[in-house]
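We have chain A; now place chain B onto it with these hints.
2 protein chains.
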Amino acid sequence: MPKLVDHVSRRRTIAGAAVQVIGELGLDAARLVDVARVGLVTTGAVTHYFDSKDALLEAALLEVVTRILESQAETGEASLNSGELIDTIAAFLPLDQASLRDWRVWFAFSGRAVLNERLRSLHRQYYDEITRRLGQQLANLQARSQLAADADLGVLSDAIVAVIDGLGVRATLEPESWSPDRQKATLRLMLSPLLKSPRPN
Amino acid sequence: MPKLVDHVSRRRTIAGAAVQVIGELGLDAARLVDVARVGLVTTGAVTHYFDSKDALLEAALLEVVTRILESQAETGEASLNSGELIDTIAAFLPLDQASLRDWRVWFAFSGRAVLNERLRSLHRQYYDEITRRLGQQLANLQARSQLAADADLGVLSDAIVAVIDGLGVRATLEPESWSPDRQKATLRLMLSPLLKSPRPN
Numbered sequence: 039m040p041k042l043v044d045h046v047s048r049r050r051t052i053a054g055a056a057v058q059v060i061g062e063l064g065l066d067a068a069r070l071v072d073v074a075r076v077g078l079v080t081t082g083a084v085t086h087y088f089d090s091k092d093a094l095l096e097a098a099l100l101e102v103v104t105r106i107l108e109s110q111a112e113t114g115e116a117s118l119n120s121g122e123l124i125d126t127i128a129a130f131l132p133l134d135q136a137s138l139r140d141w142r143v144w145f146a147f148s149g150r151a152v153l154n155e156r157l158r159s160l161h162r163q164y165y166d167e168i169t170r171r172l173g174q175q176l177a178n179l180q181a182r183s184q185l186a187a188d189a190d191l192g193v194l195s196d197a198i199v200a201v202i203d204g205l206g207v208r209a210t211l212e213p214e215s216w217s218p219d220r221q222k223a224t225l226r227l228m229l230s231p232l233l234k235s236p237r238p239n
Numbered sequence: 039m040p041k042l043v044d045h046v047s048r049r050r051t052i053a054g055a056a057v058q059v060i061g062e063l064g065l066d067a068a069r070l071v072d073v074a075r076v077g078l079v080t081t082g083a084v085t086h087y088f089d090s091k092d093a094l095l096e097a098a099l100l101e102v103v104t105r106i107l108e109s110q111a112e113t114g115e116a117s118l119n120s121g122e123l124i125d126t127i128a129a130f131l132p133l134d135q136a137s138l139r140d141w142r143v144w145f146a147f148s149g150r151a152v153l154n155e156r157l158r159s160l161h162r163q164y165y166d167e168i169t170r171r172l173g174q175q176l177a178n179l180q181a182r183s184q185l186a187a188d189a190d191l192g193v194l195s196d197a198i199v200a201v202i203d204g205l206g207v208r209a210t211l212e213p214e215s216w217s218p219d220r221q222k223a224t225l226r227l228m229l230s231p232l233l234k235s236p237r238p239n
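Same order as they appear, the protein sequences are chains A and B.
Counted the way the working numbering counts, the first sequence spans residues 39 to 239.
Counted the way the working numbering counts, the second sequence spans residues 39 to 239.
The hints are simulated quantities; they were obtained by calculation from the structure and are not laboratory data.
Be aware that one or more of the hints could be misleading.
As the list makes no split between identical chains, a pair holds if one copy fits it or if it spans any two.
Calculated lysine to any residue pairs in the SDA-like style (CA-CA distance at most 25 Å, straight line) [unchecked claim]:
| no. | residue 1 | residue 2 |
| --- | --- | --- |
| 1 | Lys234 | Ser117 |
| 2 | Lys222 | Arg158 |
| 3 | Lys222 | Ser159 |
| 4 | Lys222 | Asp188 |
| 5 | Lys91 | Glu212 |
| 6 | Lys91 | Arg50 |
| 7 | Lys222 | Arg105 |
| 8 | Lys91 | Gln180 |
| 9 | Lys234 | Pro218 |
| 10 | Lys222 | Asn119 |
| 11 | Lys222 | Ala97 |
| 12 | Lys91 | Gly54 |
| 13 | Lys91 | Thr169 |
| 14 | Lys91 | Arg75 |
| 15 | Lys234 | Leu100 |
| 16 | Lys222 | Gly77 |
| 17 | Lys234 | Glu108 |
| 18 | Lys234 | Ser120 |
| 19 | Lys91 | Leu227 |
| 20 | Lys222 | Leu107 |
| 21 | Lys91 | Gln163 |
| 22 | Lys222 | Tyr164 |
| 23 | Lys222 | Ser109 |
| 24 | Lys91 | Val46 |
| 25 | Lys222 | Thr104 |
| 26 | Lys91 | Gly77 |
| 27 | Lys234 | Ala189 |
Chain A with its partners taken away, still in its complex shape (with noise of 0.2 Å):
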């Protein structure tokens, strides 16, 4: 008999094969029995889980997120400097060929979010968790007094995000010329400035 928990795995699982074909082959391109291929499931299964390309859309991009989440979780109580805030940040970048799919996905859900009102609003909660997160980690800082007093956490945070938005549209579309180390660098370039502590030494 089948359980919950069978059926949540079973969810994830489709969804995983989900972004995996649709970072490889685009929206356009991706069917179902593609998706069910990959996810060692039968396209009856895919289609029972998800009742429409929109549907599975959402959950590749959920896997997605759900995945960045945990990741980023692991050192979200951690009390890390402004060095160790810049390498977290960094993992979110399209830094190797599985991340490089993830944002493939992104761009493939944000394409179509743009005039779609149930997509836009996941993808607003998205980005609300991520930045209240990111907001967190700089309150850390700043209460340890390596962040200025008066840093504005609300525009910092925006900052932060969409340096990581700007880099990963770069690099998503120009992989080849956008190595791991390019990306970093210009990172660490904008992001230290706003991250140096207000007493050196």
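Chain B only, in chain A's frame:
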């Protein structure tokens, strides 16, 4: 007898109509008949100039890019100080309805470019041109000692372009939350430390 300039101007009129239609309806929903209606031409004229949806999309992006480069060209040769340069950069952001529409076209284009080599190469050319012009402005600042002599202009240009993209992405997807003031405040926070004079007063 039609002259060459008429052809060029006809093409541009249709491309401008495509920007309007794609920016308002999205690429999937945009039909050639809508472009013809907005451009005040026949559907036959649209298909005469653009033989596929990708060709029309390409022309629409070129139109957006041409407008941006034309508007930037006016200040291109002037000797800007850092504050003026930041204002020039702000003009790239989706600060009004017209530029928001242009950004939506960019979204449609880049979403498709992820997996289309030809569109991707156009995208790259556009970014190279923007980055080159920005590098020139930065070199001007540096020559007048308004930017540290050891600033790496390549990384700095990359950083600025990333900031524009990151803010543009957010503001296009959440226009109701990203007022022009919020966009400009975030831009200023990020760019001021990067473009600061090596000798304050």
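Against the structure, the hints:
no.: 1; hint: Lys234 with Ser117; result: within (16 Å within a copy, 30 Å between copies)
no.: 2; hint: Lys222 with Arg158; result: between (29 Å within a copy, 23 Å between copies)
no.: 3; hint: Lys222 with Ser159; result: between (30 Å within a copy, 24 Å between copies)
no.: 4; hint: Lys222 with Asp188; result: between (27 Å within a copy, 19 Å between copies)
no.: 5; hint: Lys91 with Glu212; result: between (27 Å within a copy, 23 Å between copies)
no.: 6; hint: Lys91 with Arg50; result: within (16 Å within a copy, 35 Å between copies)
no.: 7; hint: Lys222 with Arg105; result: within (21 Å within a copy, 32 Å between copies)
no.: 8; hint: Lys91 with Gln180; result: neither (44 Å within a copy, 51 Å between copies)
no.: 9; hint: Lys234 with Pro218; result: within (23 Å within a copy, 27 Å between copies)
no.: 10; hint: Lys222 with Asn119; result: within (17 Å within a copy, 28 Å between copies)
no.: 11; hint: Lys222 with Ala97; result: neither (29 Å within a copy, 34 Å between copies)
no.: 12; hint: Lys91 with Gly54; result: within (15 Å within a copy, 31 Å between copies)
no.: 13; hint: Lys91 with Thr169; result: neither (28 Å within a copy, 37 Å between copies)
no.: 14; hint: Lys91 with Arg75; result: within (16 Å within a copy, 31 Å between copies)
no.: 15; hint: Lys234 with Leu100; result: neither (33 Å within a copy, 40 Å between copies)
no.: 16; hint: Lys222 with Gly77; result: neither (33 Å within a copy, 45 Å between copies)
no.: 17; hint: Lys234 with Glu108; result: neither (27 Å within a copy, 38 Å between copies)
no.: 18; hint: Lys234 with Ser120; result: both (7 Å within a copy, 21 Å between copies)
no.: 19; hint: Lys91 with Leu227; result: neither (40 Å within a copy, 40 Å between copies)
no.: 20; hint: Lys222 with Leu107; result: within (20 Å within a copy, 29 Å between copies)
no.: 21; hint: Lys91 with Gln163; result: within (21 Å within a copy, 33 Å between copies)
no.: 22; hint: Lys222 with Tyr164; result: both (23 Å within a copy, 23 Å between copies)
no.: 23; hint: Lys222 with Ser109; result: within (18 Å within a copy, 32 Å between copies)
no.: 24; hint: Lys91 with Val46; result: within (19 Å within a copy, 40 Å between copies)
no.: 25; hint: Lys222 with Thr104; result: within (23 Å within a copy, 31 Å between copies)
no.: 26; hint: Lys91 with Gly77; result: within (16 Å within a copy, 33 Å between copies)
no.: 27; hint: Lys234 with Ala189; result: both (11 Å within a copy, 18 Å between copies)
Of the numbered hints given earlier, the model fails hints 8, 11, 13, 15, 16, 17 and 19; all others are met.
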